[in-house]
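Enquirer: If you're matching positions, the sequence shown starts at 0 in my numbering and goes up one per residue.
Check the hints yourself; a few may be wrong.
For lysine-lysine, the following DSS-like pairs were computed, each having C-alpha atoms within a straight-line distance of at most 25 Å [stated by the list, open to error]: (1) Lys175 with Lys118; (2) Lys42 with Lys175; (3) Lys214 with Lys149; (4) Lys118 with Lys78; (5) Lys214 with Lys175.
Cβ-Cβ distance ranges computed for the label pairs, FRET-style [to be verified]: (6) Tyr127 with Glu182: 29 to 35 Å; (7) Tyr103 with Ala51: 20 to 26 Å; (8) Lys214 with Gly105: 23 to 29 Å; (9) Asn140 with Gly178: 33 to 39 Å.
If you are wondering where the hints come from, they were derived from the structure by calculation, not from laboratory data. Glycine included, every Cβ here is placed at the ideal spot set by N, Cα and C.
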Amino acid sequence: MESNTKPNETRRSETDDPPPAYDDSSNHNNPGGTTEPPPTSAKSLYFQNPVAPHLSMSFGPSNTQDINSMPWMGLLHVKCDDMAQLMRDGFHWTTQNVQREDGYYGTTSACTDHNPNDKEWLLHCGFYETRHYFLRDLQHNPPRWVANFKFHAREREILTRIRLEYLTVERIFRAKAFGDACETIYEFRRYQPERNFNAIYDDMPLDGWWPWPKKKRLIQEEETLDCLGWLGLMPLGSLATLALSLRSWITGE
Numbered sequence: 000m001e002s003n004t005k006p007n008e009t010r011r012s013e014t015d016d017p018p019p020a021y022d023d024s025s026n027h028n029n030p031g032g033t034t035e036p037p038p039t040s041a042k043s044l045y046f047q048n049p050v051a052p053h054l055s056m057s058f059g060p061s062n063t064q065d066i067n068s069m070p071w072m073g074l075l076h077v078k079c080d081d082m083a084q085l086m087r088d089g090f091h092w093t094t095q096n097v098q099r100e101d102g103y104y105g106t107t108s109a110c111t112d113h114n115p116n117d118k119e120w121l122l123h124c125g126f127y128e129t130r131h132y133f134l135r136d137l138q139h140n141p142p143r144w145v146a147n148f149k150f151h152a153r154e155r156e157i158l159t160r161i162r163l164e165y166l167t168v169e170r171i172f173r174a175k176a177f178g179d180a181c182e183t184i185y186e187f188r189r190y191q192p193e194r195n196f197n198a199i200y201d202d203m204p205l206d207g208w209w210p211w212p213k214k215k216r217l218i219q220e221e222e223t224l225d226c227l228g229w230l231g232l233m234p235l236g237s238l239a240t241l242a243l244s245l246r247s248w249i250t251g252e
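Using the sequences provided together with the hints, build the complete structure.
Expert: Below you can see the structure in the form of structure tokens.
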């Protein structure tokens, strides 16, 4: 079944601004007509790098937070040279970053890059089938980041229908980032917003596929805090927690 989304088009959210322009890959300085060697595959770059992923994002259907009722879930694992820079510059990617030749189907039990506990959890939840995509940074050579995106599903038929173009930032329900020593430097939980934190940049808005903080949401939270403080409803130290809880209750996030 074909997607209604045009090829090489990813739905974006939070901003209408396009992702940064990538360098033109055509060879303008090659009058002899010889071709450049193809770039190293993203899959090779990903698996040849022995470090654990620096960034993990979990995607799911936007209408549920119950893992057991999800027909599919997605996991994006990113290996990056500089996580702080990825926060400052924003994490931008589209389907143009996907190296289609690297993709494949397989069973979840055959995944070799999962933490054994994560793999056991996925199998326990009934996600037996997996589709793999590999992505890379196109703005720099060598790339500053490479990534493996996996769709996990209960049946192979679901994997044949779902597309990367279906993904939006709103479908991210959890994200964690790690430093070089595997210390947690960032965490986002859509359904537990009081646990969100950024150990490097605090509340600085992050662009692209970073799910939090976003400038629009911060403005809404500040307006809620101002209103509650003006009404004198509660001590200032408790306002932030209440505002996050109210936002979660109202928006269902």
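Enquirer: Now tell me, hint by hint, if it's right for this structure.
Expert: Hint by hint, here is what the structure shows:
Restraint check for Lys175 and Lys118: the C-alpha separation of about 17 Å stays at or below 25 Å, so the hint holds. A distance of roughly 22 Å separates the Cα atoms of Lys42 and Lys175; the hinted pair therefore holds under the 25 Å criterion. With a C-alpha separation of about 29 Å, the suggested pairing of Lys214 with Lys149 is violated against the 25 Å cut-off. The straight-line distance between the Cα atoms of Lys118 and Lys78 is roughly 19 Å, inside the 25 Å bound, and the hint therefore holds.
Proposed proximity of Lys214 and Lys175 is supported: the alpha carbons are some 20 Å apart, at most 25 Å. Under the hint 29 to 35 Å, the C-beta atoms of Tyr127 and Glu182, about 33 Å apart, fit the expected range. Distance hint for Tyr103 and Ala51: a CB-CB separation of about 22 Å, consistent with the stated range 20 to 26 Å. Distance hint check: the CB atoms of Lys214 and Gly105 are about 39 Å apart, inconsistent with the given range 23 to 29 Å.
Roughly 25 Å separates the CB atoms of Asn140 and Gly178, a value that falls outside the hinted 33 to 39 Å.
The earlier numbered hints that this structure contradicts are 3, 8, 9.
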